[in-house]
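Number of protein chains: 4
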Amino acid sequence: MLRSFVHRIDSRSSNPIRDARSVIGICQSLQSARGEVSGAALATELFQAYESLDSAAREAFFDLLVTEFSPNPVEVGRAADMYRADPSQANFVRLQAAVEPPRQELFRRFNLAQGGITVLVGMRRQLLKTLGAHPDRAGVDADLTHLFRSWFNRGFLFLQRIEWRTSALVLERLIEYEAVHQIQGWRDLRRRLEADRRCYAFFHPALPDEPLIFIEAALARGMPAKVQPLLDPEATIVDPAGADCAVFYSITNCQEGLRGVSFGNFLIKQVAEELGRAFPQLKTFATLSPVPGLGEWMMNGDYPLRVADHPTAIRKIIEKLRGGQPPEPMIGPAIQVELSRLCAYYLMYARRGKAPLDPVARFHLANGARLERLNWMGDTSPAGLTRSLGFTVNYVYQLADVERNHETYANAYGITASPEFQRLARMGRRAYESRPQPPSVDASD
Amino acid sequence: MLRSFVHRIDSRSSNPIRDARSVIGICQSLQSARGEVSGAALATELFQAYESLDSAAREAFFDLLVTEFSPNPVEVGRAADMYRADPSQANFVRLQAAVEPPRQELFRRFNLAQGGITVLVGMRRQLLKTLGAHPDRAGVDADLTHLFRSWFNRGFLFLQRIEWRTSALVLERLIEYEAVHQIQGWRDLRRRLEADRRCYAFFHPALPDEPLIFIEAALARGMPAKVQPLLDPEATIVDPAGADCAVFYSITNCQEGLRGVSFGNFLIKQVAEELGRAFPQLKTFATLSPVPGLGEWMMNGDYPLRVADHPTAIRKIIEKLRGGQPPEPMIGPAIQVELSRLCAYYLMYARRGKAPLDPVARFHLANGARLERLNWMGDTSPAGLTRSLGFTVNYVYQLADVERNHETYANAYGITASPEFQRLARMGRRAYESRPQPPSVDASD
Amino acid sequence: MLRSFVHRIDSRSSNPIRDARSVIGICQSLQSARGEVSGAALATELFQAYESLDSAAREAFFDLLVTEFSPNPVEVGRAADMYRADPSQANFVRLQAAVEPPRQELFRRFNLAQGGITVLVGMRRQLLKTLGAHPDRAGVDADLTHLFRSWFNRGFLFLQRIEWRTSALVLERLIEYEAVHQIQGWRDLRRRLEADRRCYAFFHPALPDEPLIFIEAALARGMPAKVQPLLDPEATIVDPAGADCAVFYSITNCQEGLRGVSFGNFLIKQVAEELGRAFPQLKTFATLSPVPGLGEWMMNGDYPLRVADHPTAIRKIIEKLRGGQPPEPMIGPAIQVELSRLCAYYLMYARRGKAPLDPVARFHLANGARLERLNWMGDTSPAGLTRSLGFTVNYVYQLADVERNHETYANAYGITASPEFQRLARMGRRAYESRPQPPSVDASD
Amino acid sequence: MLRSFVHRIDSRSSNPIRDARSVIGICQSLQSARGEVSGAALATELFQAYESLDSAAREAFFDLLVTEFSPNPVEVGRAADMYRADPSQANFVRLQAAVEPPRQELFRRFNLAQGGITVLVGMRRQLLKTLGAHPDRAGVDADLTHLFRSWFNRGFLFLQRIEWRTSALVLERLIEYEAVHQIQGWRDLRRRLEADRRCYAFFHPALPDEPLIFIEAALARGMPAKVQPLLDPEATIVDPAGADCAVFYSITNCQEGLRGVSFGNFLIKQVAEELGRAFPQLKTFATLSPVPGLGEWMMNGDYPLRVADHPTAIRKIIEKLRGGQPPEPMIGPAIQVELSRLCAYYLMYARRGKAPLDPVARFHLANGARLERLNWMGDTSPAGLTRSLGFTVNYVYQLADVERNHETYANAYGITASPEFQRLARMGRRAYESRPQPPSVDASD
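Going down the list, the protein sequences come from chains A, B, C and D.
Just so we're aligned: the first sequence equals residues 1 to 445 in the numbering used here.
Just so we're aligned: the second sequence equals residues 1001 to 1445 in the numbering used here.
Just so we're aligned: the third sequence equals residues 2001 to 2445 in the numbering used here.
Just so we're aligned: the fourth sequence equals residues 3001 to 3445 in the numbering used here.
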């Protein structure tokens, strides 16, 4: 809000290097003795100067962060030699000091002024966009990531229920951030916060108005298969006392600048525990998730089951779905079964390295969830059809098994799945390939 | 409170190594894949096990933290070589990863369970006591310090006024922690929180009941010279509206385990700003400080003015004061002047390396304060007589000058002092030595 | 929200009397000894039963509150006789007890259950609608009013700033309740809470989500004359630091059931004080108010200046405005002046009894404000044209004069107005009548 | 705290009437039109003036509240006649208005200034002390009581747990107010707030630092019989998880000025419910209460069992206990049984009118508790011996029976007691009297 009144460096300035240098100059003051006393004032000055940089100047600024604030290779080498020769703690401490880039202390001092974290998180968001073209900036990113891992340590975050009583400032951000199933204004949001819904977010004490990640759950009778009824603002409100399933239908990381500092796994489990306490009659905690890599994989996957190899009928329907078109209502059950097997196969056997290829599967399986059920036409939105070919999948979080599942996965990427799901995937495999299969664990053991 | 109900490992266990190994085993689990899912439970288990170690087992535990959780020297050396050969960011990131000890992630995971920070801060407090005898544990200390500097970054702390309305839990800790002028029970504390006093502390959001550092101020008419009237629980309450001076008479770091993570300088200045807003008529912000190194220095300082060289009368009175005895009421003004010159000399010219020898002087001068006035018999308590020979000194914080003073000090240890104070110190120097003098700055410029 | 799950008495029940009697039965239990112990449970039962009454049954219920819960006339008479014969305090206390209707204690016990106040305030809202047809229910209304005056005593209310950070639950109610200038959804509301606006409301501790009254202010340079620019969601945000006037453009009583328990006067003055503290450069605190009785009075007022008597040109334009049509842009200045005189005359001389006829004038003048300025075409909305003939008026709250103005008004309905406003009104009077004029006070004295 | 800086009317003023009149003058302003606008300022002025009255002037002030602020008897009589002739609601409303004394509105306006409630509650405390000598002031007391019943309505109070984390300001008041078992300083208080204790208080939102009533409970294994172990600051802390009984050992009304506005019954039951939720394993909720009227009744009761009629051995021991002396350790079991029967008889049969004579019995029995068990030497403090002859009694609150017990009591003062207790009391009665007995209810029915 204040931004409108802040004086900005004239953006038509023709000299990005000079502008960047001027911001770097403030950075140097902030890091000097002056910064110890007048850190807050200097940091505030810095934020305004940084915000006023145009994109060319920002690029120059990032480069200067690399060239001017990295550790001295000669000193690093010398300290490393000493440590190798004598791996004493004194030498180790000296080495650590030599390796820590001056950037680290600079970034820490950002926090001396109000809003410093916000500026830093925003800076990393912008930096990330440039990393592809500028791999030499990886050290700056590593420093920010190191700092954020420490600052946004799980122990400092607090879980807060988001309800209609919550600040409009926060609610507005939910509308803005929700990435999985866009929120269509205040009426839509209000429905998602009614008596049969729950929404929780993690916050950091220094950013009390800024959700870091949030999750939306519906309390239902039976495990839902379809997304659209959950998103309908006119959907009848269910009496939560009669629900036996909590279904997580959306989880959104809000801060692109915190990428790689993950708290999603903590969030799901903590919310499941909260809901279990509040509604002891809940028996199932499950997600209603997309299969976002399915469409792409069916078209271009380097597997024997490339679309070209599918029978024509299947190929046609896949192409239609990829175009965001719903299938004929009269589509034969055989084709449905066929596609379901393919999807189950994809989720259990398609890999990137050793890990599952599907990003959503990777996330939930690594968290200790179990592949439970596949739902044909669970998401009929254009995006749902294009990316997931209309499928949704329920991952189940059974709190007692989560640790075991997680270890199975962590050790050898073993996937836990319900017997029914395994059967489907095996049928897919038998039909299409004859490779050795990765380990899988039967949840019914 | 809960500790009484916690099961403890039998302290008569005859095998400290085995006990320490068992705790290290939990540490390893916490750091493994299991720790990602069940971190909170493992960390809680770890805390209880750690708390139950007897001192021999704790020693063994510290040693295992060195041997089992330090970085691999060979890998470090290899990464350093690569960086030296090609100081690219990719190599730098690799080097950083190699240098970061596994301890760091372990310590971060402590925070997954309630109370993790408290355990870690306590662990460092115990570790610090052993560092003298075990310099090889410096790396563990460096890791904890690095983590605490990040976690207790100034930007996360919040300033809170402590008043009689504050939680008894917090007030009780003030009574326990106050190190400068002990608080004699609740009645004494209550007086220190009356209308003419102010007390402020820094807190961390994760430790809302635990003051990190606190400062006590009195609102007074004129700059006080004597400590005892401020500490008298029966002292008449002054109308704060008539005060023109805020005097800081005590500042206490509460957490030994956070040594080296300083926030004292921020506290004084922020409190001075708060008080200035609340009481615009305040003209002076000053401390009423001891000169804690004076007595020792007069007896044993390696200066020409060792006690042996003093005239007999002076020597006698110094010896008396060192013994905690007040001087005769009839002590001649000449002797008083003599001692004052010595004290002023000590504060301005006695050095440890280039920095002032007196620790309190070091703290306030580094913060940008100015030596303002010396007060004979400002503290007549036994400790005050023994350590400070009864002197108190007022350091003045003039917010407009603090940055300049700090830079003068930071560049070449230049000391800012009032003209009167400089005159006294110069007289001391002229009388006792003829060495070159360090730079000093005249506050009246 | 809960209402949907509550069992309701079948609304097709053909017997309203029986339904009402059944609710009255619960009332009697609540008032009995049982109510002392099980008040909360009984009151909750009562609320559900009351809420389930259809309108016929509610009518019957109100009648039963009169017949069954009024004081006994015989006892009242006897107690009054005793008091007249001997006006001792003992007799007075006895009389008071006789006069207090059993309803009073019944209503007090509503408050034993969560939500009791809300039910009672809602009950009075429904009762008020029936008072015209049922003057015999005035006693019930008097009891509720007595109770509310005590419960909603100014000392219990707290002023709270409403901002975008406020709970959406509260903000939604602002959208719902705003009566003066309807809020067109969340975007409109957000604009009214930007940096150049302020909104404040009174709340009661027992109803923390329920604003009782709220006021909207704009910070402006110069005293605004026109309403529409203030209501434009696209209006540029003004830097509040440059404002010299706070203009109150809307004040809304939210609770119809609290009619007659006024807090509006406290609100305006307290908000003016708050704003004066926050923005010391503010020089003027003024309203931008409608003249809601003007149109009606010009058409039907029992004054010599009935519309029939106006010159045709004036009559035509009045009729046009009354129809919600804006005037020709080319309307002559003479007609403008003519209408302004009429309006000023109306505000200062048109009376209902001795009080001003215009309800908004009555409110602000009774609060100690001063009639400052009349603005032609200050409100060009259809309602503004129809009711106020497009006029707005600024009432000025000069805190130093408010008490004096209020007393002048309270003693003999003397109106304070600016010299310019008085001149205009006098011209109006001279032109249209020759009656004796009510006292007026010159604000320039 | 502020009081020390407030200017006071010179207390040596020789004219109490004049001082009282001057305060009454401010009262009249506060009630006038001026009071509507400048109520806060006037009320503040009034509080200071009232507080400065000496006791003679305060007496005069109370008299003037009677003579100047009572309703007009003639008007009251006229309104009552009209109501008797025609008991219409209009006439009723008129009568109510005539009967309401001007004091009522005056007192309501006290609340316009900060601290108004505190002043009023304090005023009633002082007034109550004078009522015995000045029964004509009963009307003033009735007005205050009426107001307080409305303001301190149960629905507005909030229950708050008092723990060591609570504000020292509040805790200090517990030390000050505790009337049943004095708190011996902060160490004693801290013990009463340990893990095996609970303390709860009711607060009013307008007096957040001022407990109105508080209750202290101990969590114990088995129903405690003796007071002293509960009050021992050195008592071992019990693991609350193992407790099966919550014993309320002290309940204190803090505000003498709120006498007659009772909330004690709500407090006990609400706390019992809270504790039952927090510790589901609790089976018994009981008090450990004194029998404060026993000693006096045994000496001077107008019953056949006056001390003079007792056998000498009994008489001697009663006299000894009355003197605060503990009995010989060797006292024979026959005497113990004898005294227990007397005590049981006293609690069940000794009456004042129809209600039990013992005030503590009256309170708990009216609340629906049951007489459970008598404990010989349950309280060996001097006060316990003198007043209760060393007995304690456990009243049990069985939440399921409380309503029925209360109704039994409310209808005909029927007392519920355990079979054992009844047996004891019957034996007492058989031995000492042959009168008809009041109804009693067997809890075992």
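Some clues are possibly wrong.
[Said to hold, decoys possible] FRET-style restraints, in silico, Cβ to Cβ:
(1) D:Gly3242 - A:Phe279: 26 to 36 Å
(2) B:Met1427 - A:Ser32: 27 to 37 Å
(3) C:Val2238 - D:Ala3179: 17 to 27 Å
(4) D:Ala3033 - C:Glu2296: 43 to 53 Å
(5) D:Ala3033 - A:Phe279: 55 to 65 Å
(6) A:Ser32 - B:Glu1328: 45 to 55 Å
(7) D:Arg3161 - A:Phe279: 18 to 28 Å
(8) B:Ala1400 - C:Gly2242: 22 to 32 Å
(9) C:Glu2319 - A:Asp232: 21 to 31 Å
(10) C:Glu2234 - B:Gly1414: 24 to 34 Å
Think of the hints as simulated: they come from the structure by calculation, not from any bench.
Bear in mind that the values here come from a model prediction, so they are computed numbers and not experimental data.
Backbone N, C-alpha and C fix where the C-beta goes; we use that ideal spot for every residue, glycine too.
Results of checking the hints against the structure:
1. For D:Gly3242 paired with A:Phe279, a C-beta distance near 30 Å keeps the hint of 26 to 36 Å intact.
2. In this structure, B:Met1427 and A:Ser32 meet the distance hint of 27 to 37 Å, their C-beta atoms being roughly 36 Å apart.
3. As the Cβ distance of C:Val2238 to D:Ala3179 is approximately 60 Å, the hint placing it in 17 to 27 Å is violated.
4. Between D:Ala3033 and C:Glu2296 the Cβ separation comes to about 30 Å, which falls outside the hinted range of 43 to 53 Å.
5. Restraint check, D:Ala3033 to A:Phe279: a C-beta distance of roughly 58 Å satisfies the suggested window 55 to 65 Å.
6. The hint said 45 to 55 Å for the Cβ distance between A:Ser32 and B:Glu1328, and at roughly 51 Å that hint holds.
7. In this structure, D:Arg3161 and A:Phe279 meet the distance hint of 18 to 28 Å, their C-beta atoms being roughly 26 Å apart.
8. A hinted range of 22 to 32 Å holds for the C-beta pair B:Ala1400 and C:Gly2242, which are about 28 Å apart.
9. The given range of 21 to 31 Å is broken by C:Glu2319 and A:Asp232, whose C-beta atoms sit roughly 50 Å from each other.
10. Checking the proposed 24 to 34 Å range against C:Glu2234 and B:Gly1414 shows it is violated: the Cβ atoms sit about 58 Å from each other.
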